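Asks: So for the sequence shown, the working numbering puts the first residue at 1271; every next one is plus one.
In short, the hints are calculated from the structure, not lab data.
There's no promise every hint is true.
[Unchecked claim] When the alpha-carbon atoms are kept at most 25 Å apart in a straight line, the in silico PhoX-like pairs for lysine-lysine are as follows:
hint, residue 1, residue 2
1, K1298, K1353
2, K1358, K1318
3, K1373, K1318
[As the list claims (entries may be wrong)] Have a look at the derived ranges for each label pair, beta carbon to beta carbon:
hint, residue 1, residue 2, range
4, E1272, M1396, 18 to 26 Å
5, T1304, K1369, 17 to 25 Å
6, E1272, S1339, 29 to 37 Å
Since the model is a prediction, treat every value here as computed from it, not as a measurement.
The beta carbon of each residue, even a glycine, is placed where N, CA and C say it ideally should be.
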Amino acid sequence: MELQKTITRENLETLVTLFYHGAMKDEKIGHYFTLELGTDITNYEWTKHIDILVDFWAKVFLDDPLYNSDPYGPHFTIVGLEKEDFTKWVELFAEAADKVYVKEVSNLFKEKGISYAEEFIERLKMNPESSELFW
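Assemble the whole structure, with the sequences as input and the hints as a guide.
Replies: And the structure:
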């Protein structure tokens, strides 16, 4: 796959799908996704979830108004979620971004990913210790 120089809805879908292919197989965080969405990434639940995340990232980077939900709320009900899970999320998200985008664009996703992970940790009252968790 040729690395992308610009962000589009199409390559956001590639990024999100690639990330979830890796995340659902990961020993640390995979179970959070497969328990809720199943193991077939082509099923309705996964497709809907991926569409929501594409809308989210399109709002972040393209100022696309389709996403109008609270990204934090659904995570309050996830049993067993820990700070270290967000470290793994950032790692897998960064790997996916590196496979889709050129370095300059990939770095934008990494920065936003860390920022959102820290925000999740703070909002979920996990007592963040700054970005020591990341990198």
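Asks: Does each hint hold? Answer for all of them.
Replies: Now the hints, each set against the structure:
{"no.": "1", "hint": "K1298 - K1353", "verdict": "holds, 12 Å"}
{"no.": "2", "hint": "K1358 - K1318", "verdict": "holds, 23 Å"}
{"no.": "3", "hint": "K1373 - K1318", "verdict": "violated, 29 Å"}
{"no.": "4", "hint": "E1272 - M1396: 18 to 26 Å", "verdict": "violated, 38 Å"}
{"no.": "5", "hint": "T1304 - K1369: 17 to 25 Å", "verdict": "holds, 22 Å"}
{"no.": "6", "hint": "E1272 - S1339: 29 to 37 Å", "verdict": "holds, 32 Å"}
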